[in-house]
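Chains A and B, in that order, give the protein sequences.
Throughout the first sequence, residue numbering follows my numbering, covering 1 to 152 in sequence.
Throughout the second sequence, residue numbering follows my numbering, covering 1001 to 1263 in sequence.
The set of hints was computed from the structure by calculation and includes no laboratory data.
Keep in mind the model is a prediction, meaning the values are calculated, not measured.
Wrong hints could be hidden among the right ones.
Where chain A lies over chain B, by a calculated footprint (3+ residues, C-beta under 8 Å) [to be verified]:
{"#": "1", "region": "1038-1044"}
{"#": "2", "region": "1072-1085"}
Partial chain A-side listing against chain B, Cβ under 8 Å, derived [what the hints assert, rightly or not]:
{"#": "3", "residue": "Lys5"}
{"#": "4", "residue": "Glu9"}
{"#": "5", "residue": "Ser13"}
{"#": "6", "residue": "Asn14"}
{"#": "7", "residue": "His31"}
{"#": "8", "residue": "Ser32"}
{"#": "9", "residue": "Glu42"}
{"#": "10", "residue": "Lys52"}
{"#": "11", "residue": "Gly72"}
{"#": "12", "residue": "Thr88"}
{"#": "13", "residue": "Ala99"}
{"#": "14", "residue": "Glu102"}
{"#": "15", "residue": "Glu103"}
Backbone N, C-alpha and C define an ideal beta-carbon position, used for all residues, glycine too.
Single-letter residue listing:
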Amino acid sequence: MALTKPEFEAILSNSTKTIVGDITWSEDEDHSPSVEFRAEVESDVGWPLFIKGSYNRLIGALTFAVISKTEGRIYALDLGKDHRNPDTGQLIGEKHKHAWTEEYRDKVAYVPPDITEPATNPRAVWTQFCQEAKIRHRGQLQPVPALQSELF
Amino acid sequence: MTATAQNPCEILAATLSRLFVCSPHGDFTRVRTPYLYPDGDSIDLFVKPRLDGVGGTISDLGETIRWLRGQTVSPRRTPRQAAMISDICMTHNVEFFKGMLQARYENNNAFADVATRVAQASLRVSDLWLSFRNRAVESVTEEVEEYLIEQKIAFEKVPRLPGRSGRIWTPHFHARTDVQSSLIYVLATGSRSAARAVTEHVVTAWYDLSNLRTGQNPTEFVSLFDDTADVWADQDFALVRSLSRIARWSEPDEFAQILRRAG
């Protein structure tokens, strides 16, 4: 059975969610312009949750996503690309957050007022993202490595 | 020709271009298309003209793959997903280079055609999201079945085989080639905590069925790990290694070679 809205809200509001250890960005399997990381999220309930972060160094587009092993992506912050909501057709803007609904899964987004840092500062955005998602990170998010070679 | 024209084709010609919004973006011109990724995010293309000003390249700059990878915790695509990307690029004459979908336009007249092709490739690649296992569309065992069919390797699904203890075991496949027969267990789980139990079940099965590995026509035992999910520890591989050949689903060609006794 798909994740219900109350279950999603319970996951989001649970303040025992914790990531332990430093997080390092690495290249993806294609050696694309983007770097990414994956971190396991521990909690008192034991939900199978991970955070996936990705940053496109050519265009400064940033995403932090909460992924459930059983449901897929349930929550995400996007900076640097626009979004159109399926229920209203409304364009949300280049800073938006996807949240779970039973009808639309993670397709509906809103403008998060708590994210004020720019995509070009992923570490500062990460701090704000963790605060809003009630995730404690016992470690550091390492700086994004520079793009070494001409990709394009 | 105006937007008030009554002919649908004239209306289209007058209004379609408004759906594509261009803006400078660093070294590139960004083209915001009317197309959307499956979660509703906009598909953007990025244009870099050649230095001589004639033609250039239109690319997604890896955004489609970044979007796709952001939907899953799997570190690698499955062979089937990789094959689908290759097929999509062939259909739309688009290059997949370092995770970027892109194509060159040789002159201004070709620009719209190339932009449309890259956008359509991006749209189709993003739909591979539907093939992710946590979207409950397909299991890795079904992927293996399709691969065996593609490789023209004869097989029987879930044979029922009595072990030495009398217990009935059901490996996922009994494959047969000209030179060898193989029993295959597919080890797949999305959870590290469940991985050891899966491994131990397979070890027990291989041990109980070990009489099939003896005689003049011994059957090969193959433990195929779904390593597209990063859940396996070195100990899991070590446990099955003494009783079976190890194959990894991220390297399907080696898996086929084992079945053909070429590996």
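Interface hint for Thr88 of chain A, Cβ within 8 Å of any Cβ on chain B: Status violated, d = 11 Å.
Outcome, coverage of the region 1072-1085 of chain B by chain A - at least 3 residues whose beta-carbon is closer than 8 Å to one in that chain: The restraint on the region 1072-1085 of chain B holds, since 5 of its residues have a Cβ under 8 Å from chain A and three suffice.
Residue hint Ala99 of chain A, partner chain B, criterion CB-CB below 8 Å: Status violated, d = 11 Å.
Given hint His31 of chain A near chain B, where the shortest CB pair must fall under 8 Å: 5 Å, holds
Hint check, Glu102 of chain A versus chain B [nearest Cβ-Cβ separation less than 8 Å]: 16 Å, violated
Per-residue hint verdict: Asn14 of chain A, partner chain B, C-beta under 8 Å: Cβ of Asn14 of chain A sits 19 Å from chain B, so the hint is violated.
Evaluation of the interface hint that places Gly72 of chain A against chain B, nearest CB under 8 Å: At about 5 Å, which falls below the 8 Å cut-off, the nearest Cβ of chain B leaves the hint on Gly72 of chain A intact, so it holds.
Interface hint for Glu103 of chain A, Cβ within 8 Å of any Cβ on chain B: 13 Å, violated
Cβ contact check, 8 Å cutoff: the region 1038-1044 of chain B against chain A, three residues minimum: holds (count 6)
Cut-off 8 Å, beta-carbon criterion: hint that Glu42 of chain A touches chain B: 12 Å, violated
Restraint outcome when Lys5 of chain A is required to lie within 8 Å of chain B by C-beta distance: At about 17 Å, which exceeds the 8 Å cut-off, the nearest Cβ of chain B leaves the hint on Lys5 of chain A violated.
Minimum beta-carbon distance criterion (8 Å), Lys52 of chain A to chain B: With Cβ-Cβ at 6 Å, under 8 Å, it holds.
Hint check: violations occur at hints 3, 4, 5, 6, 9, 12, 13, 14, 15; the rest are consistent with the structure.
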